[in-house]
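Here the protein sequences line up with chains A and B, keeping their order. Just so you know, the first sequence maps onto residues 171 to 375 in this note's numbering. Just so you know, the second sequence maps onto residues 3 to 246 in this note's numbering.
There could be a bad hint or two in this list.
Once the Cα atoms are required to be at most 25 Å apart in a straight line, the calculated PhoX-like pairs of lysine-lysine come out as [to be verified]:
hint	chain 1	residue 1	chain 2	residue 2
1	B	Lys12	A	Lys330
2	B	Lys71	A	Lys330
3	B	Lys141	B	Lys131
4	B	Lys71	A	Lys344
5	B	Lys141	A	Lys263
6	A	Lys369	B	Lys110
Everything labelled a hint here was simulated from the structure, so no lab data went into it.
Letter by letter, the chains look like this.
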Amino acid sequence: MTNSNPFLIHEQKGTDIQNPMDGQWVFNVQKDGFLRADFLQMDQNLNVLVVLAGEGAKCQINCGYLINKCNKININIKVLHKVKNTTSIQQIKGLVADSGCVDFVGTIEIPKDSQKCDGRQNHRAVLLSPKAIVSATPQLEIWADDVQCAHGSAVGPLDKNQLFYLQARGLTQKEARRLLLQSFLGDLMSTEFDAIISKWVDENV
Amino acid sequence: MLEIKNLHAKVGDKEILKGLNLTIQTGEVHAIMGPNGCGKSTLSSVIVGHPSYTVTEGEILFKGKNLLKMAPDERANSGIFLAFQYPIELPGVGMAQFLKTALNTKRKFLGQDPMDAVQFMKYMNLRAKALDISPEMLKRSVNVGFSGGEKKRLETFQMAMLEPDLCILDEMDSGLDVDALKVVGQAVSVMREKHRSFMIITHHDDLLQYVKPDKVSVMRDGQVLTTGSADLVKEIEAKGYDKF
Numbered sequence: 171m172t173n174s175n176p177f178l179i180h181e182q183k184g185t186d187i188q189n190p191m192d193g194q195w196v197f198n199v200q201k202d203g204f205l206r207a208d209f210l211q212m213d214q215n216l217n218v219l220v221v222l223a224g225e226g227a228k229c230q231i232n233c234g235y236l237i238n239k240c241n242k243i244n245i246n247i248k249v250l251h252k253v254k255n256t257t258s259i260q261q262i263k264g265l266v267a268d269s270g271c272v273d274f275v276g277t278i279e280i281p282k283d284s285q286k287c288d289g290r291q292n293h294r295a296v297l298l299s300p301k302a303i304v305s306a307t308p309q310l311e312i313w314a315d316d317v318q319c320a321h322g323s324a325v326g327p328l329d330k331n332q333l334f335y336l337q338a339r340g341l342t343q344k345e346a347r348r349l350l351l352q353s354f355l356g357d358l359m360s361t362e363f364d365a366i367i368s369k370w371v372d373e374n375v
Numbered sequence: 003m004l005e006i007k008n009l010h011a012k013v014g015d016k017e018i019l020k021g022l023n024l025t026i027q028t029g030e031v032h033a034i035m036g037p038n039g040c041g042k043s044t045l046s047s048v049i050v051g052h053p054s055y056t057v058t059e060g061e062i063l064f065k066g067k068n069l070l071k072m073a074p075d076e077r078a079n080s081g082i083f084l085a086f087q088y089p090i091e092l093p094g095v096g097m098a099q100f101l102k103t104a105l106n107t108k109r110k111f112l113g114q115d116p117m118d119a120v121q122f123m124k125y126m127n128l129r130a131k132a133l134d135i136s137p138e139m140l141k142r143s144v145n146v147g148f149s150g151g152e153k154k155r156l157e158t159f160q161m162a163m164l165e166p167d168l169c170i171l172d173e174m175d176s177g178l179d180v181d182a183l184k185v186v187g188q189a190v191s192v193m194r195e196k197h198r199s200f201m202i203i204t205h206h207d208d209l210l211q212y213v214k215p216d217k218v219s220v221m222r223d224g225q226v227l228t229t230g231s232a233d234l235v236k237e238i239e240a241k242g243y244d245k246f
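In isolation and in its complexed conformation, chain A is listed as follows (with noise of 0.2 Å):
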């Protein structure tokens, strides 16, 4: 498998995998399977396509980003509700400093025999500059009448009052937005990425 940019397949049963170029994943869930892979890009281009092919397949899709510099990112992770009874979660979260840029397309699809599906996807990015820039595009191919569905996007700088409640306790601002920007990160990731997350903020905060 080859990917650049750090990725792990954190657990999987029943899953058929497929990388065939850099950035590039397909995922074949069959039935009664399930899939958690956690992907942390930094300057790749990211591309997954999870197809839950079988009844009762789940899948979880964690994705972080750390864009800062002038590098430019596109960011698609498409879920597809092939059958009935499957479940999936992306969760998407991202820092980027400098002039970065980053554009992600979420999708949902799921068609309209696959009945009483769930299928839920969260974004969340802070802005480390005025000139960063994040563009987040929700897609939910919804053709099936009995599922659940959410989604959620949000893109701002870090909570002031957060920061002050912090450098209330006596915190410098630069400690305070390196808590907070690792922990947005923390959070969502397996702590085997904990150091690269920890580096970059150091760097960037």
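For chain A, the structure is supplied; the task is to place chain B on it using the hints.
Positioned in the frame of chain A, the structure of chain B alone reads:
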């Protein structure tokens, strides 16, 4: 400990503190009472250096030093602690990690060695036990998913951990049931020492039933109108603020 002279402060264009004078002696428990909107919470925000408020006139001396020249973190590390009326949620920031960072930042500021993980856990567990804070509460993110009463207990716990010289309790009693009030009152009693002062901001006497103040100041329209003994509390409860 704290000396405030002719303090004027505004938020946006609105002047809220209009020439406030107040002195809190070392070792004193000083209650600040007043009706809603009189500027009590603004006073506490200005003391800790909240960026939304601008001081236009006057001075604040803390242990003889000009407080208004210090950044918020410097004020905290010099010994000022504000227990927030509405504690802020910090998703993903564990309480233990947060307190260890805060405590070691303060120790560094004071020229002391940092506590290592083992020393810190011992120090924390001892205080948690005394304030009935369960280990589960400490494993969770700061203030996330806690009830109003639990959040205020956690503020008191942070106060006990950081051992400040001046503890400011901002409307600690709003929305607290009797049991939670007792816990907060107990924490203040335990921490009440000769070298430590308390400023208890409140608009009724609920918390003051558990903590007897040495002094009471009554605020109205951005000023302190009068300062007296604990008997003032009874007078306010009997006659209301209109008398002042």
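Results of checking the hints against the structure:
1. This hinted pair checks out: Lys12 (chain B) and Lys330 (chain A) have alpha carbons roughly 19 Å apart, not beyond 25 Å.
2. With a C-alpha separation of about 21 Å, the suggested pair Lys71 (chain B) and Lys330 (chain A) falls inside the 25 Å cut-off, and the hint holds.
3. As the CA atoms of Lys141 (chain B) and Lys131 (chain B) are separated by approximately 14 Å, the hinted pair is consistent with the 25 Å bound.
4. Simply put, Lys71 (chain B) and Lys344 (chain A) have alpha-carbon atoms about 19 Å apart, close enough for the 25 Å limit, and the pair holds.
5. Note on Lys141 (chain B) and Lys263 (chain A): the hinted pairing holds, with a Cα-Cα distance of about 23 Å set against a maximum of 25 Å.
6. With a C-alpha separation of about 23 Å, the suggested pair Lys369 (chain A) and Lys110 (chain B) falls inside the 25 Å cut-off, and the hint holds.
Checked against the numbered hints above, the structure breaks none of them.
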